[in-house]
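Protein sequence lines, in the order shown, are assigned to chains A and B. Residues in the first sequence are numbered from 2 upward in steps of one, following this note's numbering. Residues in the second sequence are numbered from 52 upward in steps of one, following this note's numbering.
Keep in mind that a hint or two might mislead.
[What the hints assert, rightly or not] Restricting the straight-line Cα-Cα distance to at most 35 Å, the calculated cross-link-like pairs of lysine-lysine (DSBU-like) are:
1. A:176 / A:74
2. A:340 / B:246
3. A:57 / A:176
4. A:447 / B:220
5. B:292 / A:352
6. A:340 / B:220
7. B:246 / A:352
8. B:292 / A:57
9. A:255 / B:220
10. A:447 / B:292
11. B:292 / A:340
12. A:255 / B:69
Hints in this document: simulated from the structure, not taken from any laboratory.
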Amino acid sequence: MSAITAGETARLNASYGEVLGVHRRQFLWPVGLVVAVIAYLVYAFFAFDVPDLIAKSRLDRGVLLGLDSVAYKVHVEKNLRRDLVEVAVEGERTATYDEADLPDWVQVSGPNANEGRIDIDMGGGYRFVIEGEVLTVTGPGLQRPFVVTAGGETLSWEGDTPSWIELNPKKVDVKPSLFQRAQVTSGRILVFRYFWGWEDFWFDFRSPLHDVSAGALWSLAWSDERLDPEMSNAALIFHEFWTNEGWQHGDVFKALLETVIMAFLGTVVAAFVALPLAFMAAANVNPDPVSRFFIRRFFDFVRGVDMLIWSLIFIRSFGLGPLTGVMAIALTDTGTLGKLFSEAIENIDNKQVEGMQSTGAGALTRYRFGVIPQILPVFISQSLYYLESNTRSATVIGALGAGGIGLKLVETLRTGKDWENTAYIIVLTLIVVIGMDMTSGWLRRKLTGVGRD
Amino acid sequence: MAMTTVDQLQAHASSLEKRRRLYTVLGAVVFAFLVVMGFIGAEEMNSGGFVQGLSKFFDYPSNIVAETHNAGLGWFERLWVYLPALFETINMAAVATIFGTVFAVCLSFASTRGLGVWPPIIPVARRIMDITRAFPELILALFLIFMLGSSPVPAIIAVAFHTAGALGKLFSEVNENIDRGPLEGMTAAGASWSKRMRWAVLPQVLPNYTSYMLLRFEINIRASAILGFVGAGGIGTELRKAISWANGADIAALFVLLFLTIMVIDQISGHVRRRLVGGMFVGAR
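I would like the entire structure built from these sequences, with the hints used as guidance.
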């Protein structure tokens with residue numbers, strides 16, 4: 002390929018100026034568009050006060066939240082005011098270890114935990130020792146142990162103080178890594194150790210089945226000796242799992258079911274209400290322009306008001322629950338699907354209807370065999386498409402109060418404590434949404450024979 | 052092939068027909084069963100029943116209308132008062148749509164065969180789109196609000212994230228359906244990759260891209276309004292306040308503003324889309 006010389010360019014410009022000019026002008030408007038978009042984004046950057054947002058953002062919260070959703074912590078807490086020692090999962094009263102049965106990384110020597118010495122193996126070579134009102138930290142990076150004394154008006158300390166120890170007269174924070182932490186205030190010494198995984202996911206801390214291995218569980222399910230005389234072992238295992246207090250598997254499942262019901266019933270009702278209305282709104286079926294106009298405006302109205310607003314109105318009259326969601330989805334989608342179906346009816350090939358008419362068929366037979374087969378692919382594929390998108394919508398209107406998994410999610414977020422529960426619900430929601438997407442796609446391909454992956 | 056008589060063929064055809072009918076009937080029965088069970092279940096789980104709910108259905112709207120009527124002409128001032136909030140919601144949707152579209156274009160090019168991208172990246176881009184599309188905006192927004200504080204930005208990020216996946220899928224379908232002639236012509240002339248994309252692909256896909264983008268903008272306005280409910284600002288936050296204070300006139304003003312905006316944008320984008328792609332888009336909503 003040879004380059005064009007300057008002289009050649011000049012000659013071309015002179016003889017084909019008109020064509021090349023158009024070409025150059027065509028170049029200009031995309032550049033202008035890009036400049037306009039960038040200018041708008043700069044305006045938005047300041048209108049939304051992004052600098053302030055960045056300054057105030059709590060990215061550490063994000064890290065903690067990420068960690069907390071895949072790991073759990075065990076608290077060792079010594080309350081100096083009440084002389085009380087507690088070892089508990091997530092610091093929850095319902096998951097407190099017996100003093101006789103502490104985890105093996107917590108060693109107590111002396112008469113009891115309150116008066117004696119608590120030696121905590123934090124992993125990674127770190128050792129936190131609580132004795133009286135004193136916390137002693139030893140481990141990598143510390144030539145001399147760090148010793149902090151609580152109890153007085155202010156805290157006092159001695160020894161090495163690397164950068165991961167935050168010192169403050171009111172509060173000392175020791176954080177060798179994300180997985181090890183101690184907080185000392187004048188009233189208490191609190192040690193957290195993090196572990197990977199979701200604690201007590203299968204059974205409650207207090208459940209008789211807690212800490213039973215999968216193999217033992219399997220043989221238990223088949224054995225005749227009942228742990229609980231009320232029910233068989235298999236039923237007990239299921240019952241203990243289902244009623245797990247921390248994870249609420251039963252409630253979460255019920256909420257998911259509510260969401261799916263909302264999406265499914267809402268879409269079904271919308272599709273079957275929209276179909277006859279669409280016939281009435283189609284010019285080639287209904288010759289009366291006045292009724293057509295009103296039906297079309299009805300479609301626009303219910304569609305335009307938005308699902309959110311409908312759900313707020315329905316909550317007032319139907320109360321909390323899936324029925325509210327069903328009604329909101331059904332009403333909004335009657336508008337959307339009605340519009341789509343009526344357009345499809347207007348676009349049909351009229352020959353089939355004429356053919357039916359020539360055989361002397363009545364109106365209903367004409368629609369059944371002349372129109373319905375032609376709009377069936379649109380009917381099925383659009384209904385299925387909306388089924389999938391309504392599953393997502395159902396989580397959203399659920400969160401605003403209609404119930405279901407959305408509400409459950411907002412509840413766990415509000416407490417802001419058990420992020421692993423939030424993560425669990427998010428994972429389940431994603432599975433359901435993706436599952437609905439795949440099912441509706443599969444059905445669409447099966448029923449209409451169109452569409453590839 | 053074995054010899055077949057007409058009778059055999061007929062018997063075969065009628066048995067196929069019978070089987071088809073059986074499947075249809077079975078399908079309809081299962082479907083009806085699901086619907087009925089769903090309704091019974093929904094009715095049980097709901098705190099209020101269907102029948103008494105219907106009788107109360109018009110109470111709330113008529114309450115709002117009555118309070119709006121009582122407010123008199125001063126009500127129109129409220130429309131004005133809430134205009135900045137509406138403007139903020141529209142801005143949120145616009146910024147989210149711009150960013151989402153940019154990501155969607157990148158993802159769609161990366162997920163289409165035959166456009167000269169590195170092949171191993173295609174399935175990766177497709178899975179990314181599946182996940183971003185499935186992720187409900189609300190969850191991401193709540194998570195980001197927790198991290199970044201109450202502000203429109205978390206909502207923008209959440210909406211843009213979802214938009215990238217949803218538009219990316221539509222865009223990649225557009226990419227797949229282009230006429231390959233111009234692309235081959237450009238390749239034959241020795242054009243570089245960027246020149247091929249600019250002159251052979253972009254002119255073909257741009258009208259459809261714009262059309263889908265406008266459609267998405269409309270959807271994103273609703274989404275941004277909804278996210279305002281969980282603290283992202285804009286008209287949704289105002290609506291939440293008005294509802295929790297049970298202030299009928301304000302609620303009506305906000306409903307009207309939201310409704311009018313959605314109607315106007317719907318009309319404009321519908322008009323532009325029809326001009327861009329003609330009658331190709333029946334049922335793209």
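So, going through the hints one by one against the coordinates:
1. A:176 / A:74: Between residue 176 (chain A) and residue 74 (chain A) the Cα gap is close to 14 Å, so the pair holds against 35 Å.
2. A:340 / B:246: Violated, because 41 Å separates the two Cα atoms, which is more than 35 Å.
3. A:57 / A:176: The given pair, whose Cα atoms are some 23 Å apart, holds under the 35 Å limit.
4. A:447 / B:220: At roughly 21 Å apart (the allowed maximum being 35 Å), residue 220 (chain B) and residue 447 (chain A) satisfy the hint.
5. B:292 / A:352: violated, 56 Å
6. A:340 / B:220: Status holds; Cα separation ~24 Å.
7. B:246 / A:352: The given pair, whose Cα atoms are some 47 Å apart, is violated under the 35 Å limit.
8. B:292 / A:57: At roughly 24 Å apart (the allowed maximum being 35 Å), residue 57 (chain A) and residue 292 (chain B) satisfy the hint.
9. A:255 / B:220: holds, 32 Å
10. A:447 / B:292: violated, 47 Å
11. B:292 / A:340: holds, 33 Å
12. A:255 / B:69: Distance ~39 Å between residue 255 (chain A) and residue 69 (chain B) Cα, so the pair is violated.
In terms of the numbered hints stated before, the structure departs from hints 2, 5, 7, 10, 12, listed from lowest to highest.
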